[in-house]
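Colleague: Working from the sequences, and respecting the hints, build out all of it.
There are 6 protein chains.
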Amino acid sequence: MTPKYQPADSMKSPRFAGVRTFARLPHVTTLESVDLAIIGVPFDTGGTYRVGARFGPESIRSASALLRPYNPALEVDVFDSISCIDFGDLDVVPGYLPEAHAQITEAAQPLFAADVVPIFLGGDHSVSLPLLRAAAAQHGPLALVHFDSHSDLWHGYYGGKDTHGTPFRRAVEEGLVDVDHSIQVGLRGSVYDAADARMTTEVGMELITGPELHAVGMAAATERIRARVEGAATYVTFDIDFVDPAFAPGTGTPEVGGFTGYESLQLVRGLRGLDIRSFDLVEVMPMYDPTGVTSLLAANLAHEFMALTALRS
Amino acid sequence: MTPKYQPADSMKSPRFAGVRTFARLPHVTTLESVDLAIIGVPFDTGGTYRVGARFGPESIRSASALLRPYNPALEVDVFDSISCIDFGDLDVVPGYLPEAHAQITEAAQPLFAADVVPIFLGGDHSVSLPLLRAAAAQHGPLALVHFDSHSDLWHGYYGGKDTHGTPFRRAVEEGLVDVDHSIQVGLRGSVYDAADARMTTEVGMELITGPELHAVGMAAATERIRARVEGAATYVTFDIDFVDPAFAPGTGTPEVGGFTGYESLQLVRGLRGLDIRSFDLVEVMPMYDPTGVTSLLAANLAHEFMALTALRS
Amino acid sequence: MTPKYQPADSMKSPRFAGVRTFARLPHVTTLESVDLAIIGVPFDTGGTYRVGARFGPESIRSASALLRPYNPALEVDVFDSISCIDFGDLDVVPGYLPEAHAQITEAAQPLFAADVVPIFLGGDHSVSLPLLRAAAAQHGPLALVHFDSHSDLWHGYYGGKDTHGTPFRRAVEEGLVDVDHSIQVGLRGSVYDAADARMTTEVGMELITGPELHAVGMAAATERIRARVEGAATYVTFDIDFVDPAFAPGTGTPEVGGFTGYESLQLVRGLRGLDIRSFDLVEVMPMYDPTGVTSLLAANLAHEFMALTALRS
Amino acid sequence: MTPKYQPADSMKSPRFAGVRTFARLPHVTTLESVDLAIIGVPFDTGGTYRVGARFGPESIRSASALLRPYNPALEVDVFDSISCIDFGDLDVVPGYLPEAHAQITEAAQPLFAADVVPIFLGGDHSVSLPLLRAAAAQHGPLALVHFDSHSDLWHGYYGGKDTHGTPFRRAVEEGLVDVDHSIQVGLRGSVYDAADARMTTEVGMELITGPELHAVGMAAATERIRARVEGAATYVTFDIDFVDPAFAPGTGTPEVGGFTGYESLQLVRGLRGLDIRSFDLVEVMPMYDPTGVTSLLAANLAHEFMALTALRS
Amino acid sequence: MTPKYQPADSMKSPRFAGVRTFARLPHVTTLESVDLAIIGVPFDTGGTYRVGARFGPESIRSASALLRPYNPALEVDVFDSISCIDFGDLDVVPGYLPEAHAQITEAAQPLFAADVVPIFLGGDHSVSLPLLRAAAAQHGPLALVHFDSHSDLWHGYYGGKDTHGTPFRRAVEEGLVDVDHSIQVGLRGSVYDAADARMTTEVGMELITGPELHAVGMAAATERIRARVEGAATYVTFDIDFVDPAFAPGTGTPEVGGFTGYESLQLVRGLRGLDIRSFDLVEVMPMYDPTGVTSLLAANLAHEFMALTALRS
Amino acid sequence: MTPKYQPADSMKSPRFAGVRTFARLPHVTTLESVDLAIIGVPFDTGGTYRVGARFGPESIRSASALLRPYNPALEVDVFDSISCIDFGDLDVVPGYLPEAHAQITEAAQPLFAADVVPIFLGGDHSVSLPLLRAAAAQHGPLALVHFDSHSDLWHGYYGGKDTHGTPFRRAVEEGLVDVDHSIQVGLRGSVYDAADARMTTEVGMELITGPELHAVGMAAATERIRARVEGAATYVTFDIDFVDPAFAPGTGTPEVGGFTGYESLQLVRGLRGLDIRSFDLVEVMPMYDPTGVTSLLAANLAHEFMALTALRS
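Chains as they are written, first to last, in our numbering: chain A, 1 to 313; chain B, 1 to 313; chain C, 1 to 313; chain D, 1 to 313; chain E, 1 to 313; chain F, 1 to 313.
To be clear, the hints were calculated from the coordinates, so they are not data collected in a lab.
Just to be clear, a hint being listed does not mean it is correct.
What the hints assert, rightly or not - Lysine-lysine pairs mimicking DSS-like chemistry, simulated, CA-CA at most 27 Å apart:
(1) Lys161(A) - Lys12(B)
(2) Lys161(E) - Lys161(F)
(3) Lys12(D) - Lys161(F)
(4) Lys161(E) - Lys12(C)
(5) Lys161(C) - Lys161(A)
(6) Lys161(D) - Lys161(B)
(7) Lys12(D) - Lys161(E)
(8) Lys161(B) - Lys12(E)
(9) Lys12(C) - Lys161(F)
(10) Lys161(C) - Lys12(F)
(11) Lys12(A) - Lys161(B)
(12) Lys161(D) - Lys12(A)
(13) Lys12(B) - Lys161(C)
(14) Lys12(E) - Lys161(D)
(15) Lys161(A) - Lys161(F)
Modeller: Structural data, given as structure tokens:
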């Protein structure tokens with residue numbers, strides 16, 4: 001049966017035409033007959049260095065006009081398999097993190113309740129915390145597959161205040177993450193002290209640092225990731241600064257020595273078959289991306305997330 | 001009575017959130033209860049120098065997120081007065097001017113038939129020709145108020161082929177324009193020969209050249225424009241290269257020695273009360289607009305067009 | 001007597017050399033023998049559309065390397081007249097407006113207590129509120145000369161929350177502003193409703209809208225400003241979006257139809273002789289300023305503020 | 001014997017000086033004593049997404065000022081071996097694909113007739129079709145070595161209209177390509193359906209997809225390419241979007257997950273000794289290339305093409 | 001009689017095609033049958049702040065592709081009246097000012113000897129000195145019409161070393177300038193001390209400062225310029241930083257508070273009929289000009305210089 | 001014992017705040033209790049193609065705000081181990097290479113005399129010559145580890161004049177380099193003739209060309225470098241054009257086919273334990289680096305240099 005919602009037909013309407021929705025999908029705000037939804041979360045008050053990820057959803061949508069239905073690497077026609085929509089953006093209160101986080105959790109819950117697989121486009125990484133709250137409310141603690149150059153396990157500053165560097169500390173404290181089946185991949189760059197470099201393992205998650213990932217390669221890393229999370233309900237979070245700044249300059253706290261676009265695709269494709277309940281993709285900042293490559297890569301990563309979901313349908 | 005369609009409430013949903021429609025209006029493709037529609041016409045195959053105006057509608061929509069409902073200069077609350085929608089973009093065949101022009105005329109006709117005031121966002125200036133065909137089919141020959149640095153009255157090249165330099169030549173030949181009530185404003189820059197500089201008057205339209213406009217000022221020019229077109233059903237076409245490149249660098253054939261953003265606003269506001277049946281705004285090219293000022297000005301000009309329409313409701 | 005602090009000698013050390021302080025002044029954090037201080041306030045959590053003014057002080061300092069000591073328009077050698085320093089930036093908690101505002105007030109008070117004339121470089125416009133709190137604590141209610149395209153007198157949203165659109169509402173409510181001697185200049189662009197357009201006069205301040213300012217010209221406006229504030233202890237606040245986006249694209253909520261760099265200089269020079277106790281210059285965002293003209297103009301405006309202060313020494 | 005035409009001497013005239021011709025070669029429009037010619041083909045009406053490749057030849061020429069005569073990787077002094085010229089650009093009718101294609105074929109034929117090895121700089125990929133027509137008119141069907149992220153074997157749209165996605169479909173249909181000795185390398189990214197992914201092999205060409213190329217590496221791929229085309233008169237076409245967007249952002253339909261500049265050089269150098277009669281290099285768009293890396297890489301690839309030709313002299 | 005050299009015919013070869021020469025003129029290095037020559041002088045070692053004007057000639061040539069033959073403001077068909085060529089660039093030794101200056105003088109002399117009117121495109125302003133040496137060798141001391149925001153009459157630094165701030169000091173000392181018929185126009189911005197502001201008048205030239213020029217307007221200033229230089233053999237030098245940074249950001253020492261593109265055109269057109277023997281246009285830096293407006297304005301100013309020359313033929 | 005000088009505490013003062021010094025270190029111009037100093041050398045008159053490296057120190061300092069104290073790859077807390085300062089920039093005479101070189105040598109000598117390990121930030125590569133003069137005056141001839149795409153061993157032009165292509169020719173001639181323990185790494189791209197490609201080995205240094213480095217990999221190359229220089233007092237010079245333009249576009253003579261950021265880090269980390277007395281990092285040009293990735297990588301490489309020094313303390 002053909003899925004209810006389909007993207008615009010690029011043979012009739014050229015890809016550069018029309019109001020920009022993700023992959024030219026219909027903008028729909030109801031959840032009936034929906035298998036997968038793209039949702040923008042334009043909140044960036046958690047940023048501690050550069051800011052501007054509130055414009056991430058717009059720029060990723062813009063770049064996604066180039067995406068076509070069939071994914072030859074994963075051999076799946078996404079839109080023939082599942083019904084996909086662009087749900088639009090969640091409302092947020094800019095400048096007020098606790099209030100915005102509460103809004104995000106509340107607005108995300110119906111998506112999980114409706115058994116839709118959501119792909120959230122940030123926004124800064126602080127949004128993973130309210131999203132995990134919503135996800136765990138439905139699914140219980142989730143295995144985390146976390147691609148990033150930072151652990152985002154800091155305790156906070158100025159009396160424990162939350163930022164985009166703290167979401168997973170809070171998530172672990174609140175029991176939202178099944179640490180025994182969780183893994184952080186790609187961490188690198190300078191940190192504040194030696195203890196910072198041990199935070200991942202101290203909370204009980206597995207760690208593949210950036211240098212380790214370079215050393216072992218994507219195939220071996222994929223095996224470790226799969227071994228860690230297989231069988232568990234999983235939440236995938238992808239901070240675009242996992243990628244090297246040459247491939248993704250448009251982000252807030254770039255770290256050199258990272259990974260290529262293709263290596264990123266390989267790792268995501270390696271998640272095939274896992275029980276992934278939700279994805280987020282964060283920290284895209286178009287004003288630092290004059291070549292547009294960051295948004296283009298982000299759009300493609302989201303497209304791979306769609307393919308992973310379609311393969312399980 | 002409150003108009004049927006309203007923009008998103010920026011007190012609830014911040015202006016940077018959501019799928020980008022013009023001024024945060026609903027994207028609607030039916031015409032019932034609609035007074036005014038924004039329509040993108042992303043066709044740019046007529047460009048003889050730089051190209052890329054196919055991305056003009058997207059970038060103008062993006063910049064229009066900053067627009068608010070009340071226009072203090074014209075003292076009108078646009079969205080309280082008239083029901084406005086973003087109709088999306090017309091489909092076009094890129095690379096094939098005659099075919100695309102036929103599509104545009106056909107798709108534009110229902111808008112005129114429904115008595116909606118359309119504001120078309122180009123696209124290159126060649127699109128004014130198929131739009132005038134649709135407009136004249138409904139309204140008969142139209143008075144033209146044409147802001148531009150070029151007359152676009154060239155005969156064509158290579159055996160009379162159409163480009164963005166020829167639409168008004170064809171429109172005059174086809175009787176779509178009521179030349180006795182038409183006026184071109186702002187022409188300047190080098191031309192091919194002395195005859196080129198006389199084309200406006202030779203077809204019977206009035207001319208205020210760029211240097212004249214600088215000399216007489218906006219108020220006097222407004223009087224001349226009003227005297228020329230008052231009482232006639234009018235089509236307003238605004239080529240963004242009327243504006244000086246400092247204020248609108250993102251265009252295809254920029255001409256120095258032009259006008260400021262404020263002068264542009266003054267002239268448009270000066271059209272208050274005239275019987276304007278259709279507007280177009282063309283030649284915005286975001287890839288030549290790294291500061292975004294061109295799209296921002298274009299969005300504001302379209303907002304003034306909306307206010308002019310609201311004032312007549 | 002030669003002032004204690006002097007900028008680097010550009011005949012010995014070229015202007016492009018050295019750690020970037022404002023106008024190549026020494027970076028000093030004590031206030032003895034100091035007449036005037038440049039202070040960065042890199043806080044931008046109040047931004048409701050674009051963000052990034054936290055990088056404003058850095059970019060204005062960078063552009064200020066071009067400034068030389070003598071101001072021929074005001075005929076004063078700034079650094080021969082008064083002892084000037086770059087005080088560095090105030091510490092702030094990004095992402096937490098109330099906390100950061102408290103920090104700013106506390107850190108600014110010693111400057112006022114020491115009778116130093118401070119020039120604050122924002123940051124978003126929300127920082128004017130904590131700065132006015134510090135200023136009024138020392139000087140009592142202050143006459144406000146406010147250049148902007150927005151009144152920033154909004155009441156707040158989501159239950160009255162503060163943003164960069166609310167500082168002067170709060171300042172008036174708290175009695176920090178002597179409204180009878182205050183004036184807002186340059187307001188323009190769309191607003192939410194007709195009431196918004198009346199907020200300035202309803203709180204008791206004088207208003208010269210953007211269109212009025214275009215109509216009357218800088219000289220007449222200067223007379224009105226002087227008549228309004230003469231004799232009162234004055235706080236000057238300059239939002240760079242007063243300037244037209246062609247001259248200052250690098251800002252958060254640009255409004256077309258604004259003023260040139262020279263008109264801005266004229267208005268500031270027109271404040272000569274007034275009893276100005278403090279200046280701020282806000283909303284410069286370098287990531288939206290690829291040509292650098294915004295920061296360059298901001299640096300020059302701050303240089304004019306210095307000259308105004310030097311003339312009173 | 002010293003070749004007749006030589007580039008400007010960079011020891012006398014610095015490389016940044018002079019009218020920009022390719023590699024500072026003389027601009028010559030006759031073909032006597034010429035072994036190799038660089039020819040711009042500034043036609044981009046075939047573009048279905050971004051456009052602007054008409055400015056590709058200009059920007060590649062500009063970047064080529066950095067090229068020096070000796071190629072250490074291939075150990076050949078290009079300009080000591082063969083007489084090279086910059087032939088300028090072919091005239092085209094922008095906006096009219098069939099007419100422009102006819103012009104291109106007609107203008108290219110004398111080059112092939114004169115036994116000059118041409119290196120054509122596009123323009124969009126549609127220009128390969130008229131160039132193949134000219135080449136095949138002289139040489140008969142040619143083996144094709146095609147580097148690209150797309151097969152460009154689409155059938156056309158809107159009744160089979162040609163675009164930059166169709167040249168090789170037409171070329172195969174017209175018998176211009178010796179499919180049995182042809183190969184496409186680097187294809188990747190989403191396509192419209194599963195059939196699209198099989199087009200290369202269905203027309204009889206060999207295929208190395210992007211993921212395969214990543215997996216087997218450049219050395220093994222080189223062997224496959226050589227085995228396929230060795231002995232046949234060959235046409236090499238290089239779409240710059242073969243390269244990853246991090247290395248070549250300035251193109252019209254970028255696809256992530258591509259190849260580095262060095263990998264591209266390796267593959268081209270691997271063509272050493274083959275019987276190559278013509279080269280083209282297409283889809284460079286400088287307005288999407290703010291860092292200039294795309295044009296620089298394109299200029300270097302053309303320089304490698306020159307070295308391959310010089311080695312066979 | 002038709003002039004010998006003519007630009008490419010844009011009806012046959014589109015303006016974006018071909019090797020970039022100024023206004024599509026032939027690149028000719030002989031002077032027979034030549035009335036006017038465009039010559040690049042890509043030397044920028046004299047720059048004391050930003051550098052990069054060595055790429056000015058290239059970018060001005062690129063922008064000049066938009067220029068057409070007929071100038072409607074001055075009512076002259078340039079290329080029907082005089083024979084114009086692009087002479088290419090003068091060779092220089094980058095990094096070595098005295099040597100390069102000697103080269104420039106030597107290479108420029110034949111142009112003056114052949115009675116060609118040269119339009120030199122810098123390069124930094126230091127090149128005016130060797131050009132004046134060549135000009136005065138032929139014509140004797142020349143009246144100077146100097147548009148700039150700086151007097152460039154500084155004595156030098158580090159023991160009198162020359163830079164782009166000193167050419168007219170040297171020229172006056174060497175008797176190359178007829179100071180009694182010379183005038184500097186547009187000076188503004190901060191200077192090192194009060195004496196700096198008096199240098200123009202102290203050497204005997206007339207001065208219209210930037211603020212004066214704003215106050216009196218272009219028409220009155222034109223009268224003063226004409227009165228000063230009329231009857232004298234004249235050299236016109238135009239530093240692009242005369243123009244406001246909003247209209248010409250791409251320069252080395254921009255000064256805010258400047259003039260518009262149109263005001264610049266007015267002043268240049270006001271030179272009609274004067275006995276101008278040579279023009280230079282300096283300090284264009286494309287790497288600081290992402291919108292391209294600086295080079296476009298420079299190309300147009302040079303086009304006006306051509307028209308002034310054509311009118312006297 | 002805690003080192004005397006420490007960077008600002010990012011838990012109190014956010015990283016985007018404050019006057020930009022390298023890694024937020026104090027700006028100190030005395031050498032007591034100093035182990036390592038960052039020094040800018042903003043001289044770029046030696047550039048033969050693009051210029052502007054005089055702004056390199058500023059942009060590297062700006063990017064360095066992101067650096068944190070602990071280096072997890074080398075497992076060292078830099079600022080706990082050694083006392084580091086930002087010494088500011090050396091004064092130079094722009095436009096006058098011999099004079100500036102003399103200034104640089106003179107100003108650098110006290111740093112070597114005080115046994116401080118200096119990290120010099122260029123500036124163009126010509127500055128390595130005066131720096132080597134100062135270094136060798138203290139330490140005698142130094143082993144050179146030279147990362148670059150060019151040998152910079154050219155003899156000079158126009159009678160042997162120095163440029164950024166000649167420093168190591170002069171250094172070898174003057175006996176500043178211990179060629180038997182020196183090595184050049186990464187050379188690639190076209191050169192003027194076959195002899196150019198042999199210059200490294202002809203002066204007695206070891207060579208790993210770019211293609212060789214790609215072939216053998218970073219680990220094997222590291223062994224060769226270590227074997228070559230181990231035991232000798234060493235000077236490390238890193239031209240950012242060693243890196244591929246995708247990772248470092250902001251440089252003057254970029255060469256495609258280079259190395260990634262991570263490969264660069266690997267090679268630098270491989271120098272662990274060697275007796276390095278001085279580092280320089282040159283040819284960063286921010287005006288060609290719109291994404292900022294070049295300066296960010298440069299800042300990180302300097303941070304690795306600091307870690308190498310800290311490990312030996």
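Colleague: Each hint needs a verdict: does it hold in this structure or not?
Modeller: Here is what the structure says about each hint:
no.: 1; hint: Lys161(A) - Lys12(B); verdict: 25 Å, holds
no.: 2; hint: Lys161(E) - Lys161(F); verdict: 19 Å, holds
no.: 3; hint: Lys12(D) - Lys161(F); verdict: 13 Å, holds
no.: 4; hint: Lys161(E) - Lys12(C); verdict: 13 Å, holds
no.: 5; hint: Lys161(C) - Lys161(A); verdict: 19 Å, holds
no.: 6; hint: Lys161(D) - Lys161(B); verdict: 19 Å, holds
no.: 7; hint: Lys12(D) - Lys161(E); verdict: 25 Å, holds
no.: 8; hint: Lys161(B) - Lys12(E); verdict: 13 Å, holds
no.: 9; hint: Lys12(C) - Lys161(F); verdict: 25 Å, holds
no.: 10; hint: Lys161(C) - Lys12(F); verdict: 25 Å, holds
no.: 11; hint: Lys12(A) - Lys161(B); verdict: 25 Å, holds
no.: 12; hint: Lys161(D) - Lys12(A); verdict: 13 Å, holds
no.: 13; hint: Lys12(B) - Lys161(C); verdict: 13 Å, holds
no.: 14; hint: Lys12(E) - Lys161(D); verdict: 25 Å, holds
no.: 15; hint: Lys161(A) - Lys161(F); verdict: 59 Å, violated
Violated hints amount to a single one, hint 15; each of the other numbered hints is respected by the structure.
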